[in-house]
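Asker: Below, each chain spelled out in residue letters.
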Amino acid sequence: MSTPNPADRVDTLERLLGDPEDVGNPLGYGPLLEADEADLMFAAGERALDDFGLNAEFVPSEYGGRLRGLDTFIGIMRAVYRRDPSLGLGYGFSSFIAGVNVWSAGDEDQCREAASLLLSGQRIAAAYHELAHGNDFAGTDCAAVRDASGRLLLSGRKEVVCNIQRSRALVVLARTAEGRGSRNHSQLLIDKAALPPETLVDLRRWPSVGMRGVQLGGMEFRDCPVPDSAVLGDEGQGTETALRSFQLTRIALPGMLCGVLDSGLRLAQRLAVERELYGAPVSALPTVRAQLADAFVDLLISDCATTVAARGVHLLTGQSSVHASAVKYQVSGHLMGAMDSLSAVLGANFYLREGRYGAFQKLLRDLKLAGFGHAARVACLVTMLPQMPVLARRGWTEGPEAPSEVFRPDVEVGALPFQRLSLFGRGRDSLLTALATGAERMAADGAAEGAEAAELRTLVGQLLDESEALRRECALLRPSDIGVDAPPEVLRLPARYAALLSASACLNVWLESGTRGDPALQDPAWLIAALHRLARGLGHAGVDDIGPVRERLYSQLAERYEAAESFDLSRRRLPS
Amino acid sequence: MPEDKNEAPVNDLEQWLTRQVATYLDRKPEEIDQHTLFTDHGLDSVYALTFCADIEDFLGITVSDTLLWDYATIRALADHLTELVAGSGRQGAGTP
Ligand SMILES: Cc1cc2nc3c(=O)[nH]c(=O)nc-3n(C[C@H](O)[C@H](O)[C@H](O)COP(=O)(O)OP(=O)(O)OC[C@H]3O[C@@H](n4cnc5c(N)ncnc54)[C@H](O)[C@@H]3O)c2cc1C
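Here the protein sequences come in this chain order: A and B. Number 151 in the working numbering belongs to position 151 of the first sequence; there are no gaps in the numbering. Number 73 in the working numbering belongs to position 73 of the second sequence; there are no gaps in the numbering.
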């Protein structure tokens, strides 16, 4: 049987989940809020995802699943996050994280084992985190040590790990040699059912502020005998595998979380059109329209940035280490900022845990994970920093040209190149280069007209100035500046870089949108608003008066709302 | 102290590597031992990227992104790079 195409799969999933606001929908906001209040996974939602066979999306097609393009995966998972982020993480994304490490480093048998577990509907927990070490993976203490007979014995604890109790298998990061070096850890794929139960002790569950239904547990390993066949790749390869694999998952996470803002916007617009104040709907207030329009722009920036980074994994070989940390940092900021701003639009209604807008507070709480989960935002900057001087020296505006398909989500990419992920981009970055080439193309094409063309020129000019200033500053970085103890001023450099990458993604997605049918994407309004927002964030002036553009964007948002369409790039019809 | 067991670098490449490490650590080349693990020098993975790029630019070759994890001392790295350069048939700037 052939796999239905990705867009159809998202539609099928959306239909299955139904209209969230329909009070009669067993998969709607009402029942899912009840589950959240009770700190439970949303059982009806999990059954629906079983029916859909969501786990197959985590398994590469060569092992019998449906995983191919990273952007496609994001699109499907975004539908789940749009409904219930706890379901996204707790049903599935943690299995995806574990899986990616297996597909990256595992041998044929290990890949088949993981695939068959997932395809039979079971879970694999990703057990990296230890309470004592947080983001500092090199500190990992949980150890797999050989006994006199040469058997690997695993001991130690992993805590605050999603699904560790109910999963069938685990991928565990364990120390296999002393010291802080990068060859001292290994990843183990462990089938819990195959090991003596008394050596695997479940620890208590951790209650949480957001993602409340997600089962965060812990496990203590007591001299657990692990077969050699559990080691993923070579012994000592664990850190390397994690650093490669997490590039995919750090792009996917913010990409999926765009679904949260998508739903947040819908709830806020709903209040704005339904609630009347001073004899008119709240949406008649210009500040409210501005807040909504800005949040819409944040969503489009976020979608462009993550979509392009995801496609870059396939099409810009070896360059994703910088892109992954950049989008994890940049997009989480846009998403959380936009949701905070929308909470102001909702006013007291965002503070209430039930009623017509009761889902908003849950989405807001769940989204907070974007800031610290799967690498803290600041840790992402620290990861980018060492590459900044090399980029300044080598690439910057002279990277290899990005193929146009990078910016065209309508073109399907092939299978994920797990083996071609590189730990550093060697100072090449086609996305940053594409800011300059995109600017040239814009000038040559005359893609926009009149006042708008002038505004775009102004904005792109500011961003190119920024890029050049940043290059000069990065070229001056000394080795002693780029360590984990870098001061905040220095960490601004990768943060600025991340904003420029987002700008490049927006500009080029817009330039390529001419080849597609969506008139709303071709309208330069969103691009002007996006570049203005990014330029202002970088301390530049932006355009003189963003007001008219904002008004136009607000109308587009209102149109999509009325038509029950999503607010992201896909502008897909949602059940209503 | 590492100085005690320090010996002179055996060739130009090793000398250059030693100077690089000293620069990263803000120390004198004489204080850098060729047999100490990079991590024990306090050179963590952050510097590995910079070091890789510096090596590539200096020798005009492309190296593996895990180079410094797999050849974790100056001596081991120098030996490996010498072979690499010989193998690639290029006369790298730092080869003896
Ligand atoms: C809902 C949820 C689900 C989770 N699921 C899993 C899972 O499935 N598997 C798993 O292994 N773990 C999981 N975790 C744990 C999660 O991975 C950790 O919480 C995460 O790694 C961050 O650690 P920490 O927040 O304790 O931060 P720490 O690293 O302890 O951070 C403390 C402070 O130091 C700062 N900091 C950290 N590193 C740097 C740096 N390099 N530079 C500058 N500042 C820095 C941080 O920003 C923060 O301010 C989950 C957690 C939650 C809440």
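Simulated from the structure, these hints should not be mistaken for lab results. Mixed in with the good hints, there may be bad ones.
Said to hold, decoys possible - Now the stretches of chain B that chain A is said to cover, found in silico as 3 or more residues with beta-carbon under 8 angstroms:
no.	region
1	48-56
2	71-77
What the hints assert, rightly or not - The calculated lysine to any residue pairs, modelled on SDA-like cross-linking and capped at a C-alpha distance of 20 angstroms, are:
no.	chain 1	residue 1	chain 2	residue 2
3	A	K192	A	G210
4	A	K368	A	G210
5	B	K28	A	P479
6	A	K192	A	G121
7	B	K28	A	S229
8	A	K192	A	H133
9	A	K192	A	A138
10	A	K192	A	Q122
11	B	K28	A	R478
Unchecked claim - Some but not every residue of chain B turned toward chain A, in silico, with C-beta under 8 angstroms:
no.	residue
12	H35
13	T36
14	L37
15	T39
16	D65
All residues carry an ideal CB built from backbone N, CA and C; glycine is no exception.
Asker: All hints, please: hold or fail.
Answerer: Comparing the hints with the structure gives:
1. Closer than 8 angstroms: that is the beta-carbon criterion, and the region 48-56 of chain B has 6 residues meeting it against chain A, so the requirement of 3 holds.
2. Counting residues of the region 71-77 of chain B whose beta carbon lies closer than 8 angstroms to any beta carbon of chain A gives 1, which falls below the threshold of three, so the coverage claim is violated.
3. This hinted pair does not check out: K192(A) and G210(A) have alpha carbons roughly 28 angstroms apart, beyond 20 angstroms.
4. A C-alpha spacing of about 7 angstroms is found between K368(A) and G210(A), which places the hinted pair at or below 20 angstroms, so the restraint holds.
5. For a cut-off of 20 angstroms, the pair hint linking K28(B) to P479(A) stands: about 15 angstroms separates their Cα positions.
6. Of the pairs offered as hints, the one joining K192(A) and G121(A) holds, with about 15 angstroms between alpha carbons and a cut-off of 20 angstroms not exceeded.
7. Proposed proximity of K28(B) and S229(A) is contradicted: the alpha carbons are some 46 angstroms apart, above 20 angstroms.
8. A C-alpha spacing of about 24 angstroms is found between K192(A) and H133(A), which places the hinted pair above 20 angstroms, so the restraint is violated.
9. Using a Cα cut-off of 20 angstroms, the hinted pair K192(A) and A138(A) is violated, with the two alpha carbons roughly 25 angstroms apart.
10. For the hint pairing K192(A) with Q122(A), the CA-to-CA distance comes to about 12 angstroms; that is within 20 angstroms, so the pair holds.
11. Proposed proximity of K28(B) and R478(A) is supported: the alpha carbons are some 16 angstroms apart, at most 20 angstroms.
12. For H35(B), the interface hint is violated, the least distance from its beta-carbon to any beta-carbon of chain A being 15 angstroms, above 8 angstroms.
13. A distance limit of 8 angstroms between C-beta atoms decides the matter here; for T36(B) the minimum to chain A is near 12 angstroms, and the interface restraint is violated.
14. For L37(B), the suggested interface contact is upheld, since its CB lies about 7 angstroms from the closest CB of chain A, less than 8 angstroms.
15. With a cut of 8 angstroms, the hint placing T39(B) at the interface with chain A holds, because the nearest CB-to-CB distance is about 4 angstroms.
16. At about 4 angstroms, the closest approach between the beta carbon of D65(B) and any beta carbon in chain A falls short of 8 angstroms, and the interface hint on this residue holds.
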